[in-house]
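Number of protein chains: 2
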Amino acid sequence: MTHPRDEIVRTLKSAKNVLVATHIHPDGDALGSQIALGNVLRSLGKNVFLYGEDQVSHLYKFLPGSSQIESLLPALNGFDCAVALDCGDSHRLGEAMDSLLTVHPFVVIDHHSGHQEFGDLRWLAPDRASTGEIVYDLAEALGAELSYESAYCLYAAIVSDTGSFKYSSTSADTFRIASELLRKGVKPAEVSGKLFDNFTVKRLNLMRLVLDSLQLYADDRLAIIAAPREVFVKTGTTQADAETFINYPRSLDTVKIAVFLKETEKDLISVSLRSKGTDYDVAQVAAAFGGGGHRNAAGFKLHDTNIGEVQEKLLAKLLPMVAS
Amino acid sequence: MTHPRDEIVRTLKSAKNVLVATHIHPDGDALGSQIALGNVLRSLGKNVFLYGEDQVSHLYKFLPGSSQIESLLPALNGFDCAVALDCGDSHRLGEAMDSLLTVHPFVVIDHHSGHQEFGDLRWLAPDRASTGEIVYDLAEALGAELSYESAYCLYAAIVSDTGSFKYSSTSADTFRIASELLRKGVKPAEVSGKLFDNFTVKRLNLMRLVLDSLQLYADDRLAIIAAPREVFVKTGTTQADAETFINYPRSLDTVKIAVFLKETEKDLISVSLRSKGTDYDVAQVAAAFGGGGHRNAAGFKLHDTNIGEVQEKLLAKLLPMVAS
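Protein chains in written order, with our numbering: chain A, 257 to 580; chain B, 257 to 580.
So that you can see chain A by itself, here it is in the shape it has in the complex (with noise of 0.2 Å):
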């Protein structure tokens, strides 16, 4: 049986267009896969287009390559193929997501477990910690040279999402990409603060008011806390703010779920599912409300509703699975 990466090398390197996409509210993972690949195609000579709906957060304009990425759709006919980058399904490319699949061949390449299959080719590695990765055996397939901006990018992608190599799904080939993306010139203490040190004023006043949601269920083995509308606009912050909070209820030593609820707009709920170890699947969780991941880490959105609802329906599922 053939790798899917076979046809398609063979397609990007037939192509001359190509526009590459990834999913909205992007995350390190997201973007630097994105402009890692961009750069990849680039030097092999293909015209190359970076879209995503959203603009790239304050968080990430530090990738080197971030201005290139635009949120305005071009005109679509002009290419001959398109890539969509770390999307769970076709609705994270967001309201463009028709428009954006008229484009032929449509390549998908994501590690999302639970995906839901969309497009015309597909390297689907759930095994791998992050898109990052993937993008690194793909510009290894296509014969490509990394350059020191796209090694950055990558290891910034897989620091990302696994959380500076702490979460299970970091794996041996993730440090021996790591270890190779070293050896380009990446510094690894400089993409980590600028990942991690990277805290505005603003953005710990959200901190602030977030953890003073904090509460605590099933002999604190469940922790919750909570983003109403309310405190992004008092602090003048966005969600994109709030992205790594969940760790601090996950880091509690009782813990083996956490979960953070975000009213992202009005009446729509965003949820961050955490687990820790094998016994407590929150993909499965999200699933349930239509939402996906992995094991250890996942989320779902609910819509014309509100925390305290969402909150009450979680608590029904998670309650039984934490008690014991």
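Hint data in this document are derived by calculation from the structure and do not stem from the laboratory. All the given hints hold, so there is nothing to weed out.
Repeated chains share a single entry, so a pair holds when one copy, or any two copies, can fit it.
In silico lysine to aspartate or glutamate, EDC-like type, Cα no more than 16 Å apart, as pairs:
1. 458 to 486
2. 458 to 509
3. 522 to 486
Fit chain B to the known structure of chain A by using the hints.
Only chain B this time, still in chain A's reference frame:
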């Protein structure tokens, strides 16, 4: 030129009874390296004694084999070799230093820059991020097969001493070895969980109260947080729980100088100062109050006073400094 490794390998191969020691207040790198080297030598048929002056802290009891470490000095005439691991100078061996150094050959394996030489044979590698990495290479040079337990201990050593691969010491070699250790079955999330997810709820509550005290001056270039006596009492914590909190004001993007005022006992104020870059020397500020430290990290203590008084005196010094 021969590598010091070669003679150390010969020495260890011909030894029968080996004492393996590490430093006082042992951390993850010290203990992980010590246990792993003990296992390696035992697998080669040696009798091994693991010695450390201090008991293993509860934070590191999770290391498989940690109970083998003895804090009672054995009769030393039975040993035909001793190894000191992760000791930047001989005094780090503790009170038994002089006795330990009567064992010959005395092998020293360390990665600290500014190492003060001692012992008979030395493998000093200041370019390595951890002693654990050197022990990994030594095991390979000895032709020993690493057990899962040894791989676990060496992985913990590396993660401890690199802050989970964030510090600038992290190298391509660090990642290469981490990758190999994972191939032995080590689960990164398990080890990281033991090392980092040990926040207690009490400590998180303390953090919330301390962060609520944040005050900013001079266009957010100076940040002050404070922990009066009552926040420790209220949360049932001690000042050890507040150890790393200065990193929060320090991590603010605008901040040049961060201050943490702790009322560690009634009317005793302990002050931590941090600065960024080369423009602000907080050691000088600390010295003016009878304290000391380095340019970017210093501190002092004042008796018979309170947080408000100390803050006022500090502001008089610091505001002219940060007013650009």
